Amino acid sequence: MINKTIGYALILLFVFASLAQATFLLDRVVAVVNQDVITWSELYRSMETDATPAVKALPEEERKKILRENEALFLESLISFRLQVQEAANSRFRVTEEEVKETIDGIKKKYGMNDLQFQDSLKAEGYSMGEYKKRLADQIMQSKIVNQQVRSKVLVTDAEVDKFMKENKDFSGSSQTYRIRQIFFKKPKDEAEKSRVEEKAQAVYEMAGQGTDFAELARQHSEDATRNSGGDLGLIEKGVLAKEFSAALSSMKQGDISRPFWSDRGMHILKLEEMAAPKSAAEVREEAKTALQSKLFNERYKTWIKSLREKAFIDIRL
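According to the working numbering, the stretch in the sequence shown is residues 601 to 918, in order.
In short, the hints are calculated from the structure, not lab data. Remember, predicted model here, so these are calculated numbers, not experimental data. One should not assume that every hint holds.
[As the list claims (entries may be wrong)] Think about it this way: if two alpha-carbon atoms lie no more than 25 Å apart in a straight line, the pair counts; the simulated SDA-like pairs of lysine to any residue are: (1) K734 / K766; (2) K794 / R779; (3) K853 / Q782; (4) K794 / K753; (5) K734 / V685; (6) K838 / A803; (7) K789 / A803; (8) K753 / K734; (9) K734 / S691; (10) K734 / R628; (11) K733 / V685; (12) K708 / S646; (13) K902 / K701; (14) K843 / R779; (15) K838 / K902; (16) K800 / S728; (17) K766 / L892; (18) K906 / A672; (19) K889 / E873; (20) K794 / F861; (21) K906 / F681; (22) K709 / P653; (23) K701 / V746; (24) K723 / T639; (25) K766 / A888; (26) K733 / K766.
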């Protein structure tokens, strides 16, 4: 009997040891960052949480395939994040419970969630409240050190903004902007066929004038790739429009539909969906200043991250 008991004990010990080893293998260390380690489960949880909405919406197998293909890239990002949190701690930055609470309250307010809904969303992401608070605290720490080491040092002068605007045509001025839909008919190779195209375009134009949905007409009759989006050409500045388009739009108001007209590509019918007024010089300048600040911030941030990595001990085991 004693021998049997010992035998069962040894079997159980072997089983538990095997399970423990399997757990360790599944949750192996994928990187060492100074005194911290990053495990496989941490990496994949971060990937699942930070994936774009489009990736999250994919079927499970397809989503996992994309994550596997990008795990090295995600790991590099996670290493950089850990280095920043470590630097913040070394610089004696701290995060209070109140700061974390204020951040959580802001998230709940932004998404219109009560406490129960918020907790349910955490469960769906695989986080306990304690784990999520730790994640938020790290993000706040990172924000503090970035503000001190990078953002606070990005200053631009009026002369630098002037130079940036001259070098970037996007900020050289602002013109009228249109949001347009079109129905397009290809130019026939045979001139004798032009009248047939004109007749078809006129018939479609009359249907649009009688109230048939323009986007649906574009899907049915347009002969270029924009048919798939209901003829939507997006927002276009007046300065980049072909002269035939400019001429057609010059007398149109929002909601108007142009008569069919020829260009060197074929025949077009336009609908003016939206017309935005030109931005003021002050608005254009402010946009240029923001763009320049963003450019300088990104450059300084990359240099700073590089310096953190150069002085750190990093061992990647992926």
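Structure-based check of each hint:
1. K734 / K766: 46 Å, violated
2. K794 / R779: Judged against 25 Å, a Cα distance of about 28 Å means the pair is violated.
3. K853 / Q782: OK: K853 and Q782 at ~15 Å, within 25 Å.
4. K794 / K753: 63 Å, violated
5. K734 / V685: At roughly 12 Å apart (the allowed maximum being 25 Å), V685 and K734 satisfy the hint.
6. K838 / A803: Between K838 and A803 the Cα gap is close to 28 Å, so the pair fails against 25 Å, i.e. violated.
7. K789 / A803: The given pair, whose Cα atoms are some 21 Å apart, holds under the 25 Å limit.
8. K753 / K734: 28 Å, violated
9. K734 / S691: 19 Å, holds
10. K734 / R628: Satisfied, since the Cα-Cα distance of roughly 21 Å is no more than 25 Å.
11. K733 / V685: 15 Å, holds
12. K708 / S646: Since the Cα atoms of K708 and S646 sit roughly 21 Å apart, the hinted pair holds (cutoff 25 Å).
13. K902 / K701: 31 Å, violated
14. K843 / R779: 16 Å, holds
15. K838 / K902: 37 Å, violated
16. K800 / S728: 63 Å, violated
17. K766 / L892: Answer holds: K766 to L892 is near 12 Å, not above 25 Å.
18. K906 / A672: Answer holds: K906 to A672 is near 17 Å, not above 25 Å.
19. K889 / E873: Violated - the C-alpha atoms of E873 and K889 are around 30 Å apart, more than 25 Å.
20. K794 / F861: 12 Å, holds
21. K906 / F681: Holds, because 12 Å separates the two Cα atoms, which is no more than 25 Å.
22. K709 / P653: Given that 25 Å is the threshold and the Cα spacing comes to 20 Å, the pair holds.
23. K701 / V746: Within the cut-off at roughly 21 Å; holds.
24. K723 / T639: Holds, because 20 Å separates the two Cα atoms, which is no more than 25 Å.
25. K766 / A888: Given pair K766, A888 holds - Cα atoms ~10 Å apart, limit 25 Å.
26. K733 / K766: 46 Å, violated
In this structure, the hints that do not hold are numbers 1, 2, 4, 6, 8, 13, 15, 16, 19, 26, in rising order.
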